[in-house]
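Top to bottom, those sequences are chains A and B.
Here my numbering is used: the first residue of the first sequence is 1, the next is one more, and so on.
Here my numbering is used: the first residue of the second sequence is 1, the next is one more, and so on.
Since the hints were made in silico from the structure, they are not lab data.
No experiment lies behind these values; they were computed from the predicted model shown.
The beta carbon of each residue, even a glycine, is placed where N, CA and C say it ideally should be.
Please note: incorrect hints may appear among the correct ones.
Calculated cross-link-like contacts (lysine-lysine; reagent style DSS-like; alpha-carbon spacing at most 27 Å) [stated by the list, open to error]: (1) K130(A) - K332(B); (2) K44(B) - K332(B); (3) K332(B) - K131(A).
Ranges of calculated distance between the beta carbons of each label pair, as one might list FRET restraints [to be verified]: (4) G85(A) - I190(B): 39 to 45 Å; (5) V186(B) - G85(A): 19 to 25 Å; (6) R204(B) - L303(A): 58 to 64 Å.
As a plain string of letters, each chain reads:
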Amino acid sequence: MTPKREAATTAPAPTDGTRGTAAPPLLDATDVRTAFHTPRGAVRAVDGVSLTLSEGETLGIVGESGSGKSVLGRTLMGLITDGPGTTVSGTVRIGGKDVHALTPAGRRALWGTEVAMVFQDPMTSLNPVKKTGTHLSESLRLHLGLGRADARDRAVDLLRQVGIPEPARRAGQYPHELSGGMRQRVVIAMALACGPRLLIADEPTTALDVTVQKQILDLLRSLAEELRMATILISHDLATVAGRTDRVAVMYAGRLVEYADTAAVFDRPRHPYSSALIASIPRLDLPPHTLLPAIEGRPPNLLHPPAGCRFAPRCDTATDRCTTESPGLTAYAGERDAGGLVACHHPLGAAEEAAV
Amino acid sequence: MSDLAPRTRTAFPPPLLIGAALAVVGLVLLVFGATTPQLVTPAKAAVALLGLGLLLAGASRLGKVWAGPGFDVVFWFGAAWLLLLGLAILCAPWLPLAEDRDVASTVAEPVFATPTFTGGHPLGTNAFGLDLLARSLYGARSSLLISLSAVALGTVVGGAIGMVAGYFQKSVDRVVGIATNSLLAVPPLILLIALATVLQPHLRNVAFSLALLTIPGMVRLARATTMAYANREFVVAARAMGAGRTRILLRELLPNVLLPVLSLAVVMISVLVVAEASLSFLGLGIQPPEPTWGNMIAEGEGRVFEEHPHIVLVPGAFLFLTVFAFNVVGEKARGRWDSRSVKL
């Protein structure tokens, strides 16, 4: 978007999705743990997650409600930090800077310009008494030091870029005068305003109509490609992640259970949880009134998570080892390309692959 | 198809005519009741009140024809009264008013002259021959100046404290909460009397004491509103865009808190006009001969009110109309702003 950014992104250029190049990754999170201290004990919402993301790469984080997706997103960004009531450990580096070691002012300088977030509910993530144009121009003036008129022009450009018709008129309107889809476009424009290199979209389509969902997801994808921006797409909906991300991290009870290329996960899931999730997607070719395969039981209480594998109580293939020894996230051997990781003692083999 | 067409009701006589007729009859009755010296006082009042009622009904009909069914005649009367009073106060030195405070120059003037609505003393004179219209207008100057500045001070200070308490919470909020509650625990009139014994009774000090009364309410409202908005996602969104605490307070929360706080402020003006009048009535506010509505009403003490009711009724009417007008306008403003924030 800006000349500076073009130069920065063209240099390493890992375009084919392979990792392990000499350039440091844009996002490098190691053993991130976030715990909230409640009167009943510590809730470990994120429990040892490691992720890397290169320039221009797209990562999907999926998992059911309460699996720690949003907390992970906010911890990666530094919105949740170590403090009274919260413990954050591990390191998160964005563009080489340790987010959690920065001063609050240092973090604020990072937000908007390096990393930005698209929030879930466009009804509440816009200030009801501020015009849409003001939402955009304020951060432009804050971070880029633009003048009043320049910021307004840039705000109108941004609104046009996210596909809002009549951007000049819309910039003068209040959020309640816009539809839900329009508002989410404004929220996206806000996140894009200062040209971040990493965009974290936290369930950006949950509050929207199905037809609008597709538009917003396509918009996010095309903008990410156009601006060569790395994107983390957090969702509980596998379908939103399926065709739109390079890699997928499946989360369960605060941990990553599978972390691999999107096609590989959907094609041949290795973790029983991923497999069960994919199996529970409704399919058009099934006869009407077919019961969807559901996962029995409920997610564990994060106050007292089970020992061993957290999915073991709900897992069909669980053995005694699963209930005592916690599986690490390890690469699986086999015919698949390198880079796929799974946390399971008994990853699904060829027989299950054929069944799915 | 004809069912869908709006039914045109050909009313006879048309509402415009009824409205105009009612208004004219009302106005005539009002003027007749007020200016006819032959009638006894209760009869005058009855005729004038009847006229006022008819005038309001007529004006309401006229307004509805002119501005649609949403026309609120009481609001417009309130607004018109405030405008008229404001203009009269500003222009008081240039208006042809009789003497309002110099007792030496009114030796030749009639004492306790009753209101005639005409001539040199339209609203009558007091025990010293001072003109009641002039005194009411100059009294309005100090009454309104005191209450407006007290409300402004209370709103700014109370609003700021409340927002800070609501945003930072924890220990700041606890300290503010204790201070607010202890201020609320003292009966307001006792507090005012206590302050009046310590402070010189001039304009600035009275305004300061009254501002102290408005602060707890403002703190509570601003604190509650700030808390409600501080948990909304747009505050997190602003933070995620790199906004600091000051920016969030001023740019994100202040515009949201401003609307309810200003609505309360308008209503508070009328409360303080009454409070100032009470203070002056007790002799703790502005001192005579400097007129205020409160010390003018205080002149009716003893047997004066029984023999010359207009001494109390004239400033009382000014007080009543002004407080009423501020309330009506304030309510309207709050209704308008509240409905907007509810819609969002």
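Against the structure, the hints:
Restraint check for K130(A) and K332(B): the C-alpha separation of about 23 Å stays at or below 27 Å, so the hint holds. At roughly 33 Å between alpha-carbon atoms, K44(B) and K332(B) are farther apart than 27 Å, so this suggested pair is violated. For the proposed pair K332(B) and K131(A), the alpha carbon gap of about 24 Å is at most 27 Å, so the pair holds. Between G85(A) and I190(B) the beta carbon distance is about 42 Å. The supplied range of 39 to 45 Å therefore holds.
Under the hint 19 to 25 Å, the C-beta atoms of V186(B) and G85(A), about 36 Å apart, miss the expected range. Between R204(B) and L303(A) the beta carbons are some 59 Å apart, a value that agrees with the proposed interval 58 to 64 Å.
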